[in-house]
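As given, the protein sequences belong to chains U and S, one line each in that order.
Residues 1 to 254 (the UniProt record's numbering) make up the first sequence, in order.
Residues 1 to 102 (the UniProt record's numbering) make up the second sequence, in order.
If you're looking for bench data, these hints aren't it; they were derived computationally from the structure.
Remember, it's a predicted structure, so these values are computed and weren't measured experimentally.
Beta carbons are placed, not taken as given, at the ideal position from N, Cα and C, and that holds for glycine.
Be aware that one or more of the hints could be misleading.
As the list claims (entries may be wrong) - Okay, the calculated bits of chain S under chain U, using three or more residues with CB under 8 Å as the criterion: (1) 18-24; (2) 33-42; (3) 86-99.
Claimed, not checked - The list that follows gives simulated cross-link-like pairs (lysine-lysine, DSS-like), each with its CA atoms no further than 30 Å apart: (4) U:Lys43 / U:Lys93; (5) U:Lys146 / U:Lys13; (6) U:Lys84 / U:Lys222; (7) U:Lys84 / U:Lys43; (8) U:Lys41 / S:Lys15; (9) U:Lys41 / S:Lys17.
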Amino acid sequence: MATPDLILDPALKYWVLLPISFVMVLVGLIRSNVTYLLSPKPKLEPYRAVREKQFLKRAQSFTQNSGVLNAREIRDRQQFLIEKLNSSDFYAKEGEEELDPLSAFADPANNEAMMNMAKGNMMNYIPQTVIMGWVNYFFAGFVIMKLPFPVTDGFKGMLQTGVATPDLNVRYVSSISWYFVNLFGLRPVYSLLMGDKEANELISQQNQQQGMPNIGGPGGPKADKLFKAEAESIQILGHESIFDGIVERVLSEN
Amino acid sequence: MKETIYYNGSIQSNKQKLGRVRDISSLALGVGCGILALESLVGFGFYIVGTTLTNLLFIWICCGSEPSKFFVSPKRELLLEGVVENVPGFVMMWCLVYAIVS
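Next comes chain S alone, as it looks inside the complex (with noise of 0.2 Å):
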């Protein structure tokens, strides 16, 4: 019968590097998938498995595959949010460099 307590400044600071590691995954995805002139459903799918290879690289390199000892509800966190924000980002950078390249 223990419950885990958090402290609320680390909870916070690591969802804050995660919060990095999207951004910075998500503009890089979205540069890759205009130089390689991805386009429609192909270039999305590409975005959903690139975040989620990052989500889990994060897991496996970041949070030692321990996530639940960083972040209060693991699964939700680390691998559903963060992925419809960071479409816009994505989308940026895949018309800009699409747009560039072609």
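Just chain U, same shape as in the assembly (with noise of 0.2 Å):
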């Protein structure tokens, strides 16, 4: 290089690198739990919603699993099914209004749900925004380090903010894009710090969910469409068992 080094305080490294990585980690770690504590709580369905989504699915599962009944045993659960579909007997309400969609919004369970959205929203906006306010109060206006890798000039306004010298090479930074640097090379240090608990919650969570229909949900089909289209879809189920010619099939195999 042609220019000589700026040479930098040693202090400069454990009274500002080191506690703003400190700061920046002990706040992710605060902010997932706290993320953590504010997360809704699964509730209490009333049974009848329960019992209508459980319905539904048995329907379903006996037009996927049907094979493995015989003739007999297809004709019964048919006749029983189709039956109950279409009576009321397992709807959740009895004879649902129309609802449009607007008045979704005013209807309490969403708007905890759009609230728990906004939640979230706000644990990730307002740390961010306390510690770029703290690193830039505390730590203006001086050079802190040099990165080991070149960067564009056109880096020089956002990597030097506060430092009055045009000239100076960009590789000089001040604490602000440490800031940044740790913003996003932090991702490792926390995954590594919180383990793999949250992952595997995450997990089971979408496990769960999978395969429940979202009925009477905002938007969601009615469940008396559902129930309708589940027993069509039953009625016109073909008698195939796969015992039959069991024994042909095994002999012809072997």
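Both chains come to you apart, so use the hints to assemble them.
Right, here's the structure in full:
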């Protein structure tokens, strides 16, 4: 390099670099814990709603797996399911009124869901803004480190904010750029510190949610429509058992 | 005409283990790069060589040289994905250790 190296005070490392990293790691951990505390607990559903879902699921699994039953069993179940699906015995609410989609916003249950989303977003933005303000306020106006790789001059405005030397090499950066490097680079540190517990929880939650149709929710299909459709698909179900001609198949394969 | 069916939970857990190895390796490579005081392209080259080496070791040791048993699309998942995602972590440790060492 043509220009001689800038000599940086070694105390800068211990009083600026490490504190910023330390604070960011701690704030990240606190944030994840607070998010966990704020996350909604699963609520009890009224038994009629659960029964409605379970019954629909039962009908669906019958259509999918009817092959393991013999012809008489299929016929009996077909009769029973069609009868029940066409009656209103298993509906969660009797005589559903037509809701227009806008009134979904007035529903307290949906309001709660939106509130939770807002909380999650707030937990993302507030800590970052606070730390950025803190870094800008406490460590502004001096060069703290030299990056190990060259950066184009376009980054000068961002990386050297508050440093009033227009010709300084862009590799010398101020504290706010260390904040940004940390912001993007701490993900592996978090995932190692928090362990696999949270990830496992996420996966188990996803598994629970699978296969549960969103009946009666905002924008979701109405139960009676789903029941009618299921009744029709059961109606046209063919009588095909896996036991038909099983002896010939087994013998011919070997 | 046999179609391999993967169990989703196991695939997820394998991916998690791979991610963990990647996290550790990117941070460790950053520390190493900083201690060696490598600069600019040499440092990024060090990272690419290092991650590829880690991935190959993962295939050899953790997958017993048969990665298709544990991953749906082994070549892409093991060698290509995650290389770019872990660059920020590497750069962070690189900058930190470089600043502390120099």
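* Can you list which hints this structure breaks, lowest number first? -> Violated hints: none at all, because every hint is consistent with the structure.
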